[in-house]
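Trainee: Sequence:
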Amino acid sequence: MFSPHLFDHKYDIDHILAALCSPSPSWLETRTGTITESENTSIPTSHCFCIEPLPASFINELLNNPDLTGPSSHLTDTEKSTLNHLLATTTVQGLPALFTEGRPGGWLRERVKDAALEWLDTNDLIPPSMRHINRNKAAKLYASRTIAIEEID
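In my numbering, the protein residues as written are 66 to 218.
Bear in mind the hints are in silico, worked out from the structure with no lab data behind them. C-beta atoms are modelled at their ideal positions from N, C-alpha and C, and glycine is treated no differently. Keep in mind that a hint or two might mislead.
Label pairs and their in silico Cβ distance ranges [to be verified]:
hint : residue 1 : residue 2 : range
1    : Pro90     : His139    : 47 to 55 Å
2    : Asp132    : Thr165    : 18 to 26 Å
3    : Glu215    : Ser146    : 48 to 56 Å
4    : Pro136    : Ile108    : 44 to 52 Å
5    : Thr141    : Glu215    : 43 to 51 Å
6    : Ala162    : Thr106    : 30 to 38 Å
7    : Thr106    : Glu166    : 38 to 46 Å
Using the sequences and the hints given, assemble the complete structure.
Mentor: Now the structure itself:
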């Protein structure tokens, strides 16, 4: 049974991460969660999405990430050094191979996952029950201040 009012998109986040790090665009078909190199024209366009690979400048963005450059990072100096070395010697296509490299690899995976979540959000592919997870909106909420106005007797 299909209803246009129900969220019926399927996908695997690991497949999206791989597509974002691939050398060429991919197509996500959300009826089955399949990713292909070419667009499937036999399905509705509401369930077919083009995934453009991350640009080469993504590596530079990672090198300038506050977690890597700032003093308030959760990374140790050794991990920062490892990440700087890894990023200096890889491309966007080489990132998935680094995801298993301990904490630095996990950090890289999380940054690509942030890009994937942004892509999913942009394409309205986050289920309604999970939309509160949008990290950009959550960051703004955490940064907001509350002021209590009290009457003076």
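Trainee: Assuming the hint says 44 to 52 Å, is it satisfied by the Cβ distance from Pro136 to Ile108 or not?
Mentor: For Ile108 against Pro136, whose Cβ atoms are near 49 Å apart, the range 44 to 52 Å holds.
Trainee: Please check whether Thr141 and Glu215 have a Cβ separation lying inside 43 to 51 Å.
Mentor: At roughly 45 Å between Cβ atoms, Glu215 and Thr141 fall inside 43 to 51 Å, so the hint holds.
Trainee: Range first: 30 to 38 Å. Now tell me if the beta carbons of Ala162 and Thr106 are that far apart.
Mentor: holds, 33 Å
Trainee: Is 38 to 46 Å a correct range for the gap between the Cβ atoms of Thr106 and Glu166?
Mentor: Roughly 40 Å apart at Cβ, these two residues keep to the hinted range, so it holds.
Trainee: In this structure, is the beta-carbon distance linking Asp132 and Thr165 contained in 18 to 26 Å?
Mentor: Once the Cβ atoms are compared, 19 Å apart, the range 18 to 26 Å for Thr165 and Asp132 holds.
Trainee: Using the Cβ atoms, figure out if Glu215 sits within 48 to 56 Å of Ser146.
Mentor: holds, 51 Å
Trainee: Range hint 47 to 55 Å: satisfied by the CB atoms of Pro90 and His139?
Mentor: For His139 against Pro90, whose Cβ atoms are near 34 Å apart, the range 47 to 55 Å is violated.
Violated hint for the displayed structure: number 1, the only one.
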